[in-house]
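Trainee: Residue-level listing of the chains:
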Amino acid sequence: MAFIFYASFALFIIGLFGSLFFRNITSQLISFQFIMVSSLVNFLSFSQILYESPTSILVFVLLSVFLIIIFQFCIILYLYSSLNEPKLRMTEFDYGLFYFEIAEWLGEK
Amino acid sequence: MDITNIIVIKNLQYFILTAMIVFAVFALIIKDTRKKFIFLTLFILFTQIYDFTLYYGDLFFLFFVPMILFLIIFYLQNLQAEIYIPKNINDEEIPETGGSQAIQDKNIFRKKITGKVFRFFMPVLFCAGFIFLFIKFGGNYTAKFNLAKTITLINFSDIAKEIYLNYGILIFLVILLIFIMFLWIISIILIRKKK
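Keeping their order, the protein sequence lines are chains L and Y.
Using numbering that gives the first Met the number 0, you'd call the opening residue of the first sequence number 0 and step up by one each time.
Using numbering that gives the first Met the number 0, you'd call the opening residue of the second sequence number 0 and step up by one each time.
Read the hints as simulated data drawn from the structure, not as lab findings.
Just so it is clear, the structure is predicted and the values come from calculations on it, not from any experiment.
Where a beta carbon is used, it is the ideal one built from N, C-alpha and C, also for glycine.
Be aware that a few hints might be false.
Footprint (simulated), chain Y over chain L, 3 or more residues, beta carbon under 8 angstroms [what the hints assert, rightly or not]:
1. 18-26
2. 33-44
3. 62-69
Excised from the complex, chain Y in its bound form:
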């Protein structure tokens, strides 16, 4: 099946990608849990619409169903956490030491501020390094590409056939799954031991 009206779809892709970035920023910045999840849902919806504009008909559903299930579980967990966890716990009690308390308070305040500044600037520097590398080495990366002239649509039967025929992908992913589960179980055991 040939698709000729590509300009409209390209414009749609610009719009959808911009919306995705805006919703991503909102979902991170906003503190209210419900609004956060509304923006996250919108972000995932736009991601799936983007997949749809890439002509992946069946993949639209295949990606969307587990993601929405994940979102629901995530949201329910957050609601439970809101109900069960009491807020404003002061677990760092400052011991009273007579006259030197004011100096100690000042030191703690200064340490807190430097800690916050440090905690903000370390990720910023890390991301700036990434952006620098990206601009320096990937600036003209897309200019060399030869775009494909025909667009193919993939059915669910093709995907199923590929899974049955090509065992390499499945073996690789099973090994990856075992490795991740191994890491996960080790981390759980360590946390339990600490408790």
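Isolated chain L, as found in the complex:
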């Protein structure tokens, strides 16, 4: 049980670091995938090992995973639809989702 707990936490930290560090939208989406999978692993293993897997938790996890995947589909479809537009750097956020530039913090931009 402890190993599952630590492994899912390691996955969560990898996802968190990736989503904060990388500027590329592909890497950011992949890291969000890692965060989602870590929560999935925690939910499923805890429900199975501790509570003999009540069905309500499973249904909740299943539907929420569908929800997250639909949201990610939305992001990708949006990027896909704006590919042929004249501004070609649309598919990359210029500074990532979060601002860690020193110029941002000093108020130069």
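Given chain L, work out where chain Y should sit, using these hints.
Mentor: Just chain Y now, kept in the frame of chain L:
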């Protein structure tokens, strides 16, 4: 149905979780898109195998199908982006200002380096804070658990019955969906306005 041979499955779980972490790191670090997606696919495959070792028979397929569909769309989008987006665009053109250009170049170079260092260390500090909190408050968390003695297998019919009977989950998720779509539409409108 009782399952007695738990030690083998536990060892399998150790192996699968380690493989998941290794593939996750590879999928993030590698720059080549195709190799990245190969490792991501392997990562998702191992995730589903992990679900399988937790005795979720039907959930194996229910989780796997949308994830693979998502991966395919994601991969196709990346391929399209590789084809359509030209690389090495220099959109930051430095204006020429005569003799002071060397000093300006030096300043820009220094700023770039400090920016990169800052951009690397801020997430590291953030993650280190998380790890510190986890170790301090969650170190003995698993010692208190009482593990369940019997393992139950859930069929698809149980899940369908739960969806029909328990409306609370569905209502909560529909509200969540509406909230997310609201946020998403607002962000799209803002981006379009900026353009």
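Trainee: With a Cβ-Cβ cutoff of 8 angstroms, does the segment 33-44 of chain L contain at least three residues near chain Y?
Mentor: Holds, because 6 residues of the segment 33-44 of chain L bring their Cβ atoms closer than 8 angstroms to Cβ atoms of chain Y.
Trainee: Closer than 8 angstroms, Cβ to Cβ, for at least three residues: run that test on the segment 18-26 of chain L against chain Y and report holds or violated.
Mentor: The restraint on the segment 18-26 of chain L holds, since 5 of its residues have a Cβ under 8 angstroms from chain Y and three suffice.
Trainee: For the segment 62-69 of chain L, do three or more residues have a beta carbon lying closer than 8 angstroms to a beta carbon of chain Y?
Mentor: Three-residue rule met by the segment 62-69 of chain L, so holds; n is 7.
The structure fails none of the hints (numbered hints given earlier).
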